[in-house]
Amino acid sequence: MNIHEYQGKSLLKKYGVAIQEGVVADNPEQAVEAAKEVNRLTGSEWFVVKAQIHAGGRGKGIVTETGSHGVVLAKGLDKVHDIAKGILGGHLVTKQTKAEGKLVNKVLIAQDVYYPGEVQPEEFYMSVLMNRETGRNIIMYSPEGGMDIEAVAEKTPELIFKEEIDPKIGLQGFQARRIAFNLGLSGEAFKQMVKFVFALYAAYEGTDAAMFEINPVLKTSDNKIIAVDSKVSIDESALFRHKDIAEMRDISEEDPVEVEAKKAGLNYVNLDGNVGCMVNGAGLAMATMDIIKLSGGEPANFLDVGGTADAERVEKAFRMILKDDKVEAILVNIFGGIVRCDRVAQGVVDAYKNIGDINVPIIVRLQGTNAEEAKKLIDDSGLKVHSAVLLKEAADKVKEVLA
Amino acid sequence: MSVLVNKNSKIIVQGFTGTEGTFHASQMIEYGTNVVGGVTPGKGGQNHLDKPVFNTVEDAVKVTGADVSIIFVPPAFAADAIIEAADAGIKVIVCITEGIPVKDMIPVKEYLKSANARLIGPNCPGIITPDGAKVGIMPGFIFKSGKIGIVSKSGTLTYEAADQVVKAGLGISTAIGIGGDPIIGTTTQEAIELFMNDPETEGIVMIGEIGGNLEANAAKWIKANGNKPVVGFIAGETAPAGRTMGHAGAIVGGEEDTAKAKKKIMRDCGITVVDSPADIGQTMAELMKVNA
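Protein chains in written order, with this note's numbering: chain A, 1 to 403; chain B, 404 to 695.
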């Protein structure tokens, strides 16, 4: 589960990570009040207005309606209202969003941390995540902060460092010091960085996070080390023990059809193609999408109806797929094990009758327990449903109906 | 004639008296699997499905001599159940549970490095050696005995592959579902090693999906050490980047996570890769003829 920058920063702060302070706002008037509050807290007279959406590249991104960028510096309290107005309620398009962009419901009014001082500010990159190769957590960091880390990895891989954490002993002092040294720090900034690393790792562990990415980590002109941005993803399987974090879910950031699917116990991902599919099991669902492509179509969705595909679920799944008007055909692919195919077939027949006006061809492939009975049930139903038993037959039928 | 489990395996069920445990344990017993008892803390001394229930895995091992355990414990307690089994001397631990927090699995993985136990899963369909033992939730009747080993991250896709292999006139030595989580006990490569060293397995079907580098590692190992024909398939060529596709581990993060990249490495390492999941069985049969 992804959360917003301001939410991630609140978690960081709870674990003692120094952050760029800010206050969140829903409208331009609130934004001005937020700026006053930030001024009281930090003394900052300039403010950064930051669109809160679940996507990166906000600074370079453009709000469709106004032409504003997604992150804008307000050089004075009097500028905050209009800048916030230019971002809030608009659709921000970044290289990580779809072409229509994402609606901005909130802005974070943050202190300006790039103030002039005794030393030049410096930006670093730091993230904590699990390394699947070793099954251990790693801290990944780079002196090349503030830019796209994938580009850094490609052009200058030698500037990306990794520190692996041994689960038996946890993060060690020498590791935090090595990170600070590798980032070229000394004196007060060095001490601050060691503290930062420990607090960041504690936040990652304490919140059951899948990832904490801080880009940039800033060394300010007075040698403080602070998190200027936060991109946080939490392990969904662990949300049962973090009720406070579970409440941070912003469903307006998610595809409404996917949210509805989740409520119905279906695992659904919306895609752009023309052939819908309904499958039991994630692996077989992906394989079915691949079959659709090989048959000349494009998958319109990923949909795993799970291990207990009863008539009710089948109907819900049909209704979900049919909401997408790009869908020209539907492939149902169920491998019955404990689930009996004839029951699923009955579910298909019932759903068809209940929904009434299904105008796209449906190919039903049922294999496994009672597959032959299921095929007979479909064939005898008189519905415009093509039935298949072998996966190959199903693929050929998809080809046929698309031709 | 098989790997990991056979008709002589003595199997206990952790989470024996729960709904899932009860249902699947009875299916396993019906299949002919040698289930010798189960564990549910607090219910020791009772009988369930005509088998003894124990409070701890340790008690169960002492009394029954169990060497294999299958876990149906809820996600919040499953990591503990795995370690309990290993601590009690269980050799093969099959964890079916889906949704165990990653943070809980990190110390499990570490602990198992020095324990004399092999974990299969979590979030997997289990293991089946046809006519010997079904230690999992798969429909047993699809799997006919034979000489093809199957290793897969997915449940129903394993059934699909097994069905095709059987319909192509072959049979299965053992099928191992290794699971689709980011941290799993037995990797694709380790499963392949077991099959390469099993004298009764003559061909291998290896099924993977997007995310991680298990298939690439296995492919490199096969290139260096393989001595049996391998048919490979990677699900998710059409999956978009950055989205989790059902299995927690099935997500394209970088270039090497994609189905295309994995298939290329597998082909370069001498594996016969099929683009269509409908071609798995037939391709295996053709390879076996060539190698006969």
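Hint data in this document are derived by calculation from the structure and do not stem from the laboratory.
Quantities reported herein were computed from a predicted structural model and do not represent experimental measurements.
Hints are supplied without guarantee of correctness; some may be wrong.
Said to hold, decoys possible - One-sided excerpt, in silico: chain A residues whose CB lies under 7 Å from chain B:
id, residue
1, M130
2, G135
3, I138
4, D235
5, A238
6, G281
7, G283
8, G296
9, E315
10, K375
11, D379
Where is the CB? At the ideal position from N, CA and C, for every residue including glycine.
Okay, the hints, checked on the actual structure:
With 7 Å as the threshold, the beta carbon of A/M130 comes within range of chain B, its nearest partner Cβ sitting at about 6 Å, so the hint holds. A hinted interface residue such as A/G135 counts as satisfied when its beta carbon comes closer than 7 Å to some beta carbon of chain B; here the least separation is about 4 Å, so the hint holds. The beta carbon of A/I138 comes no nearer than 11 Å to any beta carbon in chain B, farther than 7 Å, and the hint placing it at the interface is violated. With a least beta-carbon distance of about 5 Å to chain B, the hint placing A/D235 at the interface is held under the 7 Å criterion.
With a cut of 7 Å, the hint placing A/A238 at the interface with chain B holds, because the nearest CB-to-CB distance is about 4 Å. Given hint, A/G281 at the interface with chain B, holds; its Cβ is 3 Å from that chain's nearest Cβ, closer than 7 Å. For A/G283, the interface hint holds, the least distance from its beta-carbon to any beta-carbon of chain B being 2 Å, beneath 7 Å. A distance limit of 7 Å between C-beta atoms decides the matter here; for A/G296 the minimum to chain B is near 13 Å, and the interface restraint is violated.
At a threshold of 7 Å, the smallest CB-CB gap from A/E315 to chain B is about 21 Å, leaving the interface hint violated. The restraint placing A/K375 at the interface with chain B is violated, with a minimum CB-CB distance near 15 Å, outside the 7 Å limit. Here the hint on A/D379 is broken, as its CB sits about 21 Å from the closest CB of chain B, past 7 Å.
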